[in-house]
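One line per chain: the protein sequences are A and B, in this order.
Following my numbering, the residues of the first sequence are numbered contiguously, the last one being 316.
Following my numbering, the residues of the second sequence are numbered contiguously, the last one being 387.
Some hints here could point you the wrong way.
No farther apart than 27 Å at their CA atoms in a straight line, the calculated lysine-lysine pairs in the BS3-like style are these [stated by the list, open to error]:
| no. | chain 1 | residue 1 | chain 2 | residue 2 |
| --- | --- | --- | --- | --- |
| 1 | B | Lys193 | B | Lys151 |
| 2 | B | Lys120 | B | Lys38 |
| 3 | A | Lys209 | B | Lys120 |
| 4 | A | Lys131 | B | Lys38 |
| 5 | B | Lys311 | B | Lys329 |
| 6 | B | Lys54 | B | Lys179 |
To be clear, the hints were calculated from the coordinates, so they are not data collected in a lab.
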Amino acid sequence: MSVIETFPPFRWTARFLGWFGIDGRALVVAIPFLWLLVFFLVPFLVVAKISVSEPAIAMPPYTPIISWDGLYATINLSFENYSYLFTDALYRNAYIFSIRIAFVSAVLALLIGYPIADYIARSPEPKRSLLLMLVILPFWTSFLLRVYAWQGFLRSNGVINNFLIWTGVTDTPIQMLQTDFAVYLGIVYTYLPFMILPLYANLVKLDESLLEASADLGARPVSTFFNVTLPLSMPGVIAGFMLVFVPAIGEFVIPELLGGPDTLMIGKVLWNEFFQNRDWPVASAVAIAMLVALVIPIMILRRAEQRAADAS
Amino acid sequence: MTVTTPAAVAKPWLAATDAPFVRIEGVTKKFGDFTAVNDVSLKIYKGELFCLLGGSGCGKSTLLRMLAGFEAPTEGRIEIDGQDMAGLAPYDRPTNMMFQSYALFPHMSVEKNVAYGLRRDGVGKAEAMGRVAEMLGLVQLSKFAHRRPHQLSGGQRQRVALARSLIKRPKLLLLDEPLGALDKKLREETQFELVKIQESLGVTFIVVTHDQEEAMTLSTRIGVMDSGEIVQVGEPPEIYEHPNSRYVADFIGSVNTFEGRVSADEADYIEIAAPEIGGDIHVGHGVSCILGQQVWYAIRPEKISISRDRPEGSRNAFRAKVDEIAYMGNLSVFRLTLPSGKIMKVTRANLSRHEEDGITWDDEIWISWDDTAGVVLTQ
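Isolated chain B, as found in the complex (with noise of 0.2 Å):
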């Protein structure tokens, strides 16, 4: 899903040599008793978009809302373009946000709306309205310069809210769950749309989002919080594919984790004693851990394979029962039972347009995958 684009090609954050764009150093914030971002610190640097993805109540939309000026950290200090934001003005700021709900002013016309920051900003009215033109021109509303937002749908708010929030080529954009009251369906073309603008501008964004697939659509790298804290920064696929904890490998995707001992720690393989699973998991890699120490297996659905015969030379291959299975078109879900009873999830591709092996209800079958197919997690 990750569109590959032309600014994550360079990757600043691989090479250390370039300042970083925003700086949040050790940055808390706590109401009251509650600590709603623990010591959080990320850079993120020019022409990334970046997301800040986890459930509600993670303190991702509080840490938003620190870098646009409406909280000020208890503790640390965020930096933008190399300057110190501590104790400035929302209004003072080289950032602009496009809010969750919106918040198109609803007695101004989606002109006026859009031309608010210039015009307080003393741009003339004649320059203003010149580059408003421009900037509807930009997220296809021309035609609706003179309506108010509620004569408007969800759709063409959303894109209001983006062009007030551009109109002042702010170095940074803070987005708000910015396509959250969409459809699915309009919410996977606006998610393009929104690559497409980020890029041709050139803008620093970091995009607040609960919605994983939105984040992997959209990211050049993803930020997971959980209470608070970020537990993993990194790009779409590598969160994906080397989750660092089992909240971040169940956060993302879908994935079958079995519990187990190490029971062969090698240099270039370890085995893993998964009661769970019947047997023993053989991992293709040295992993860093000890002997008999409690780890979790992780792997994703797609990544496993079944077959009604064992297959050949196979060192992870186990028995499993169809429980059910789910036709979704692309692909079907297989909701498998262990002989131990634990429930797995295996997808395959529905690659041809007839069952080749019909396995379907009740099948006794193996499953198999590939001895780097998973991920050992440690916590």
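Chain A extracted, bound-state conformation (with noise of 0.2 Å):
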């Protein structure tokens, strides 16, 4: 026994919890399932409560969902929120869009990241970190600042275009500002790190040999990569890819600094919703629409994941 458990107030506790069941494990465990459920639970819930609710002018601009009359209590559940997105077309076509920006984007993560992470997982020791670390450095300077630097190399007058009408390659600027472009480099240049870390994790573990074993049974190089490194590495892939995809598709800040007017991703809509309409019961039935709709996939996904970890 150590002597924290022989210490009184500790072993009274211990002994109080140990009535209804709860010994040192299940406290460890406990605490980060309180802090998902306090964090994480009770906000969605109340976004999910006030999505149901109408909106109204008042502090806060919803109506209260269970209102009271006398001794009885009344619930007014409000689903046209929901109808509303479908009949506007705005939303149908912003979540389209999130989801096309996202999905390409993460693709493009995909194609960069994967040369970056197997070339890094097979380089030697030493190497190996100082690459790695490369990586991750974007992260010590504040998101917000890169981004705004990207402003400063797309604009009309920025570093890009005068170098082009320096070298002559063109006369006038080239609109690149404002455009999906800056936000598919935005979101790639941002995300790419979730996408090389997963695939990194996954490649150094695959064992040299077997591409030793399918070089020597007659497969070249791209051979190998398809047959052998590609499929051992698909929970990377897939990681990598849920890592871009799933928080780009709800980017606020890349496609309002480097989009044009017309780059309606569903970030935007919900801010425009909840900042500028003040109709939050939309705004909030924007964002569950959006959970409800990645999360079905994922769901899908990973079942398909553990069927597939089951039968082999």
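Combine the two chains into a complex, taking the hints into account.
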């Protein structure tokens, strides 16, 4: 028994908790669960509640869902906010556009990140640590600052255009800022480390002798990649893809700073509903619908993965 | 322990008429300052089962990897079937390798693993599957064709790896510690299977192993390696009975070595004054040496007789005391102390089920041997 365990207040607390079947192990596990409950589930329920209420000119700007009428409580659930999402094409377009931007960005990040991750994983040890640090290095400056810096590069009189005019490639500046291109660039640039790190973690575990065996059996490097390396790194590919795709859908800062007026991503629609229209219920419905639209495919994917793992 | 094979009867290495199948000429491999393989030259003939034997870090695996094309020699030349291998990638070489870790693809079934080499060569699915089924039959794994590698036992995985490396009918099969991961009983069974398969397919095998017993059982010839160099090449009995150095004598089997100086050097015999044994050792054949030269006399434990009384007419009879007896069933190992304090080992086959002379702990006994039983080593 350690000193702390013999300390009376500790002993009494432990005995008290023991009556309820709670031991040290349960307590350790309970803390992160409690954290998730308080900081994720409760806010989610609050948002869900707002999404089924009606807008009102009040403080807060929505009607309560439970109204007291003397003795009886009446529950007013309004699903109009959700049906509204289907009637106005704005929302549908914003969802499709967001998913498209996020998907293309995730694919680009995968195409760029995979060779980098593979190169780092195959590097000798001291070099490997250095390269990994370089991947993580951008996190040490503010995300906002880095996106602003891209404005400086992409502007009509920015670094890239000045360079192109100076070298004579073009006479007039090319419009890069406030285009979808700038949004893709910003998302891929920002989220690339989230693609590289899980891929690296997977590829570094890949047994070198499998690649040698493949070459020995007559596979050229490209064939070895598609037959051995890629299939074995699929968990890393999926993890990296999800880590880029999911947050990119709700991205607000990058389309706001780099995108144009017609770059209508769902994050921006949410912002407008919330802060300009002050329509909290619709804003909440937008958020919940997005979550449902995302969670279901992810759950299907996880189920498929689980089944594949069980089968092997 | 040597399995005499029909292929071994031919012994092409004795007649210098056949062209060698694998020719390794002055091959050196350096990793930075470290020389892993130092100026190795070898000729290996068609149909041979050649063992590269040595302790860990002796360069045997590096040599094998150079044959497979995973490493390029720093110096020297490797030829397989008359073709220079310089600059050829593994996938362009007529070799296949069986890896020490087996390196089976975990995401593929046994069948797909074995078919891999054929499919990469563009062999059609139907033909490939036919050949796979045949090969799985040969290694007795037909029932497991649809399993994944992790659902197999060590011995089954080893056979999948063997099937996969043989499916393309390579001219040369390289095996890196093929039986290392198996337990003793399975290893012994598999050794004979390996020899059988090698004979039936007529493929040339080069096997890397650190297990001298495995090398003795499998090979037509053994190349003993030490610190990146080949120290002796020969057939198993030659390596065992005529080692050319103390390293080889000590590495293969167990041996008693006595240091001494040549005290008589005649045409048909020499004598060695060996203070450790307390007398002169008589060697019944001529040895190229000079009087007074430092030599080592090496004798295997099973070639020494022990008796209570001085044996009649033996030129090599010395006193010893029984220190320890280990009963192994088929034989007993005696640990003896000589008057000089040196400890030596003698084995005696347990021919009958009773102890005939009842030699036991602490008995003063005589050891003796034939005057051709040992080897005189000069290095």
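Hints, verified against the model:
| no. | hint | in the structure |
| --- | --- | --- |
| 1 | Lys193/B / Lys151/B | holds, 23 Å |
| 2 | Lys120/B / Lys38/B | violated, 37 Å |
| 3 | Lys209/A / Lys120/B | holds, 22 Å |
| 4 | Lys131/A / Lys38/B | holds, 22 Å |
| 5 | Lys311/B / Lys329/B | holds, 18 Å |
| 6 | Lys54/B / Lys179/B | holds, 9 Å |
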